[in-house]
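Colleague: Sequence:
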Amino acid sequence: MDQRVAAKPQATATPSALSEFRRGWSSVLAAALGVGVGTTGLPFYSFGLFIAPLSAAYGWSRGQIGLGMTCLSLGAILLSPFLGTAIDRLGVRRIALVSLAGLAVGFALLAAALGSLPAFYAAWIAVAFLGVGTTPITWTRPIALLFDRGRGLALGLTLLGTGLVALTAPPLLAAIIATWGPRGGYLAMAGVVVLVVMPVVAAGLREGPSGRSDAVPHPRSGLTRQQALRSRQFWQIAIGVFLLIVAQSGATVHLVPFLADHGLTPGLAAKMAGSLGISVIVGRVVIGLLLDLLPGTLVARCVLLMPAAALALLFLAGPSLPMTALAILLLGFAAGAETDLVAYLTSRYFGMRAYGAIYGLLMSCFSLGAALGAPLAGWSFDLTKSYDGAIFGGIACFVAAAVLLGTLGSYPTDRVDEEPA
Numbered sequence: 176m177d178q179r180v181a182a183k184p185q186a187t188a189t190p191s192a193l194s195e196f197r198r199g200w201s202s203v204l205a206a207a208l209g210v211g212v213g214t215t216g217l218p219f220y221s222f223g224l225f226i227a228p229l230s231a232a233y234g235w236s237r238g239q240i241g242l243g244m245t246c247l248s249l250g251a252i253l254l255s256p257f258l259g260t261a262i263d264r265l266g267v268r269r270i271a272l273v274s275l276a277g278l279a280v281g282f283a284l285l286a287a288a289l290g291s292l293p294a295f296y297a298a299w300i301a302v303a304f305l306g307v308g309t310t311p312i313t314w315t316r317p318i319a320l321l322f323d324r325g326r327g328l329a330l331g332l333t334l335l336g337t338g339l340v341a342l343t344a345p346p347l348l349a350a351i352i353a354t355w356g357p358r359g360g361y362l363a364m365a366g367v368v369v370l371v372v373m374p375v376v377a378a379g380l381r382e383g384p385s386g387r388s389d390a391v392p393h394p395r396s397g398l399t400r401q402q403a404l405r406s407r408q409f410w411q412i413a414i415g416v417f418l419l420i421v422a423q424s425g426a427t428v429h430l431v432p433f434l435a436d437h438g439l440t441p442g443l444a445a446k447m448a449g450s451l452g453i454s455v456i457v458g459r460v461v462i463g464l465l466l467d468l469l470p471g472t473l474v475a476r477c478v479l480l481m482p483a484a485a486l487a488l489l490f491l492a493g494p495s496l497p498m499t500a501l502a503i504l505l506l507g508f509a510a511g512a513e514t515d516l517v518a519y520l521t522s523r524y525f526g527m528r529a530y531g532a533i534y535g536l537l538m539s540c541f542s543l544g545a546a547l548g549a550p551l552a553g554w555s556f557d558l559t560k561s562y563d564g565a566i567f568g569g570i571a572c573f574v575a576a577a578v579l580l581g582t583l584g585s586y587p588t589d590r591v592d593e594e595p596a
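Mind the numbering: the sequence shown is residues 176 to 596 in the working numbering, read in order.
None of these hints come from the bench; they were simulated from the model.
Check each hint, because a few of them may be wrong.
Restraint ranges, calculated between C-beta atoms of paired labels, are given here [unchecked claim]:
| hint | residue 1 | residue 2 | range |
| --- | --- | --- | --- |
| 1 | 265 | 477 | 36 to 42 Å |
| 2 | 558 | 497 | 40 to 46 Å |
| 3 | 476 | 453 | 20 to 26 Å |
| 4 | 194 | 287 | 31 to 37 Å |
| 5 | 496 | 374 | 39 to 45 Å |
| 6 | 497 | 405 | 47 to 53 Å |
| 7 | 257 | 460 | 28 to 34 Å |
| 8 | 300 | 374 | 23 to 29 Å |
Ideal Cβ positions, reconstructed from N, Cα and C, are used throughout, including at glycine.
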């Protein structure tokens, strides 16, 4: 018999939601920092800053450089399902801390690899393998266990870390790269992980609630991985996530060079790309609140049409800074939905029993999309000297993702199954 989770989340303003935040705020802070610098955060939002300097310094094309993101994503594709299962069995803390240390080593290897394209690719593969436990699979599990009534907002605040990185990393790293080059940028990223993030995670991250209540989901309730794989909802989410990230990664990674090609100076392009982080931050909070108040399918339909409109605006904007700024804000707001929306839908449709394993499979789809999106956009530019093809393809992907995630149906009713996982 299939297991199901509670069908209807409660509003985040209830006293029980407030008590959840009093109990779990330190874990939210630690997880937010962890996901911000993790392999789906800092490397993703900073990658575009290195494209022009690396191309100028070593003569690499944008498509060749974009393959670095593919190497990172392919590593995540291979490892995410195993990571999810390991987290379900071993817990989060030890995996998170070891992976943060490995991530810092990977960034240092990038600094050492510059000058050789094969070494550059190998270093990105090392980042993927050594930092495997820094993806949202790791950081969302303890939050989903600590929170029920305020789960949407808690996940949104946790994944706010990527928005803070998207806001702060572009201008700071642009200044560092301008002064010390790409090597200095990668070393600065390693330093932030070791000196800032690791101490906070070690002190603040909790595995789960110390005292249980009916409002807190038991980690043994929900579907097994095999049961989830037989469900229509799993495959709709998987395909929708893939299409969403193909478009999102291509747009985000190539945003800075796109703006520079349209007449903006590198500094102004980096600042405008940094404004993406503002809307990501707003999107995380607003979407988290909406998920606690409205059906996730309705939220998905509305939110995922925003980046389609954003790409259309970028195509039409030309030299118009106001239209470009509006497009970036819409793109960032939707980027604030990607991982927390998927994490929330995973917990509501499949429960917590095999959350890590199921979310790990979905993150493989996420990573496959990221692996293809950035180089496809780069190759489109290399072939046509224009991003128009990438823009139209991205619009189609966003619309299809909105349809798939917006037609999942109602949350399952609450049932308990004692089959072995």
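Colleague: Does 39 to 45 Å hold as the CB distance between residue 496 and residue 374, or does it fail?
Modeller: holds, 40 Å
Colleague: Regarding residue 476 and residue 453, is the given constraint of 20 to 26 Å on their beta-carbon distance met?
Modeller: Roughly 24 Å apart at Cβ, these two residues keep to the hinted range, so it holds.
Colleague: Assuming the hint says 40 to 46 Å, is it satisfied by the Cβ distance from residue 558 to residue 497 or not?
Modeller: Given a distance of about 31 Å, which is not inside 40 to 46 Å, the answer is violated.
Colleague: Does the beta carbon distance between residue 300 and residue 374 stay inside 23 to 29 Å, or does it fall outside?
Modeller: With a Cβ separation near 28 Å, residue 300 and residue 374 satisfy 23 to 29 Å, so the hint holds.
Colleague: Just to be sure I understand the hint, the distance between the Cβ atoms of residue 257 and residue 460 should be within 28 to 34 Å; is that true here?
Modeller: Between residue 257 and residue 460, where Cβ atoms are some 32 Å apart, the hint holds.
Colleague: Does the Cβ distance between residue 497 and residue 405 fall inside 47 to 53 Å?
Modeller: Once the Cβ atoms are compared, 49 Å apart, the range 47 to 53 Å for residue 405 and residue 497 holds.
Colleague: Using the beta carbons of residue 194 and residue 287, state whether their distance is inside 31 to 37 Å or not.
Modeller: This hint is violated: roughly 48 Å between Cβ atoms.
Colleague: Quick check on a hinted range of 36 to 42 Å for residue 265 and residue 477, using CB atoms only.
Modeller: holds, 38 Å
Hint violations for this structure: numbers 2 and 4, all remaining hints satisfied.
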